[in-house]
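S.K.: Protein sequence lines correspond, in order, to chains A and B. Residue numbers 753 to 1141, in the numbering used here, belong to the letters of the first sequence in order. Residue numbers 21 to 177, in the numbering used here, belong to the letters of the second sequence in order.
You can trust all of the hints, since none of them are fake.
Within a straight-line C-alpha distance of at most 30 Å, the following computed DSS-like cross-link-like pairs (lysine-lysine) qualify:
| hint | chain 1 | residue 1 | chain 2 | residue 2 |
| --- | --- | --- | --- | --- |
| 1 | A | LYS1131 | A | LYS1031 |
| 2 | A | LYS1029 | A | LYS1131 |
| 3 | A | LYS1069 | A | LYS1128 |
| 4 | A | LYS763 | B | LYS162 |
| 5 | A | LYS1031 | A | LYS1078 |
| 6 | A | LYS1053 | A | LYS1069 |
| 7 | A | LYS1130 | A | LYS1069 |
| 8 | A | LYS1031 | B | LYS162 |
| 9 | A | LYS763 | A | LYS1031 |
| 10 | A | LYS1128 | B | LYS162 |
| 11 | A | LYS1029 | A | LYS1122 |
| 12 | A | LYS754 | B | LYS162 |
| 13 | A | LYS1130 | A | LYS754 |
| 14 | A | LYS1078 | A | LYS936 |
| 15 | A | LYS1122 | B | LYS162 |
Facing chain A, from chain B, some residues (calculated, C-beta under 7 Å):
| hint | residue |
| --- | --- |
| 16 | SER139 |
| 17 | GLU142 |
| 18 | THR143 |
| 19 | GLU145 |
| 20 | MET147 |
| 21 | GLN148 |
| 22 | ASP150 |
| 23 | ARG156 |
| 24 | THR158 |
| 25 | GLY161 |
| 26 | GLY168 |
Just so you know, these hints were derived from the structure itself, not from any lab. Don't be surprised by glycine CBs; every beta carbon is placed ideally from N, CA and C.
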Amino acid sequence: MKALCWEGVNKLAVEQVPDPELRNDQDMIVRLLAGTTCGSDLHLIGGYIPAMRAGDVIGHEFVAEVVETGRGVRRHKPGDRVVVCSFVGCGRCWYCANDLWSLCDNTNTNPGFGQALFGYETGGIFGYSHAMGGLRGSHAEYVRVPFADHGAFPVPEGVDDVSALFVSDSVPTGWMGADLGGVKPGDVVAVWGCGAVGQMAARAAALKGAERVISIDRVPERLAMTERYIGSEVIDYTTTDVAAELRERTGGRGPDVCIEAVGQEAHSDGVMHLYDKAKQQLRLQTDRPTAVRQAVHACRKGGTVFVLGVFAGLVDKFPLGAIVNKGLTLRGAQMHGQRYIPMLLEKVASGEVSTAHLATHTVALDEAEKAYDLFKHKKDGCVRAVIRP
Amino acid sequence: MKKIVWALPALAAGVAAVRRARGPAAGGAGDDRPGNRWLTVTVNRPPEEVRPGGELPPPLHRHADRIDVEVRPAPGDRGAELAVRLKEPPSALATSLPGRLGGQDPRQELRVALREAKSLLETGEVMQPDAPPTTRGTPGGKVVGLLGRRAGGEGVL
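Excised from the complex, chain B in its bound form:
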């Protein structure tokens, strides 16, 4: 039973890894950019406020040279869809599970920046986690800690 505590994050990481390995449109014969689809968030702000004067939101500034960016109105008065994609697809090694656990996948950094951009635009700040996150460094806790550090840059965006 105790293993459930560790099994579920491992399961989550496994599910994410399989999804990543298969690409977001697994099984889709026409997916010509597996591992480098657009990363997209919907920002609850009008499109003109998301990229005023063509300026990128601050967290995305530092990636400006290596990403394509699209902003379009979201349907149903939901604000704007902000999409980014690396101009050069990351290597297979970087997007492998070891690469992602090691923080080598450039899309992780991009996802974090995209989420931060959304939060800044919507709320004016990026909520920081509590520090320190916990007070004990057990082996199992370190595994969860590692997964947690990567969790900000992982997911299905």
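So that you can see chain A by itself, here it is in the shape it has in the complex:
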């Protein structure tokens, strides 16, 4: 079958790879209907995520049709249209049982990597390095889905493939930022990043009753899209002093909840960006935490900062003093999608959450490298490129 493979740093190619097979009774095989580029893929493509091998199939956000089920699969049958959560959860370890699905104990087949890097490993994720389980990705004609009863969800009638697609990862990730960030009615919420995850975090904050939601980015098309489709106020950090603007818009307090949806390759206009980039290039830090620093400084006393962006390792100049002395709550997580996906599919079906606007471009799987060229360089206003088989 055809699949988009990582062939080295900044090298992708569509290759022929073996078809997936049922490897466990609780597996199923699905046929790709649509997948999408994700900002976290760029870290992997750029060589910032460890333990990739040439020939690895990438991609983790997808909607698909069931073609074959293992003997232990009860909730799906061939022909079903399903959203598949990007993280794989067994559904029965203590973490899954407590709705912390991305921390699943039983789905990362290479736990030594994560334990050495982080103390404990994450669960497995599709197409995201051998450190995160080594599962093949979803930018392929067919995908094996382990523990299928717990990670795949039927798409409601009337919801099209593209609208459902983003419920695989970006919508629940954004929702989690607002949910676990503790957004409540009356809050002022600031969101760094107007990509798909940032937009969904802003929408979630609004639905949870935030009185004002302020989104921050530098790309005009993304700022305009966020304003139009999400209803956020926006700040262009290339023309505005973000900290001063946030103080002014919040009566001097600062936002109650700050959500970072940028990740380890953050940009900024300041000197710190050059500093961070130099340190990252020299491998003195693995990640550029520019937006996290801003969020920590901007957050009101006693507020919460939630880190949604992907970070792989170590950062420098982390403002721990601000966290302690301002009494902040700092949280982060990879997304616990299974916790939110059924509810979010209903919200998409009802129109409460709209996602179709994120799909600014569509590319055939045969030329899926082009999807990442569009996406990485934000060409032609690309927010997300949808990959179709």
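For chain A, the structure is supplied; the task is to place chain B on it using the hints.
M.R.: Okay, now just chain B, sitting in the frame of chain A:
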């Protein structure tokens, strides 16, 4: 920058090696079993289901003669703590970095069995990796592949 891809697994392996060399309770003057502490997982099942009738879970059967086993309730209604330890500590050569890269450390096999036991008890199966893991055999990929093969038996359990 490209080296980051290889540097981080190497860093991870290095961190693990240093931890192993120092022992799990590095700096602790009272650590009399460096390199052979109990390997422990928490199983989200009641203790009586973890070792029914004194039987070991299948993946640990084949190690029965050479391990000590303890099962105790986990605090906070988290199931059971399943701990195993080799009766005879492995040699320093086996637990050295070359020994572990060569798969000579018996604790690697034990860790794999322990994890498999946990997964079987909790889910009824042990999730298998995709096969083949990848389609190209580059030198860097082979290094990651080797580390990946050992990763199932390594870690901080």
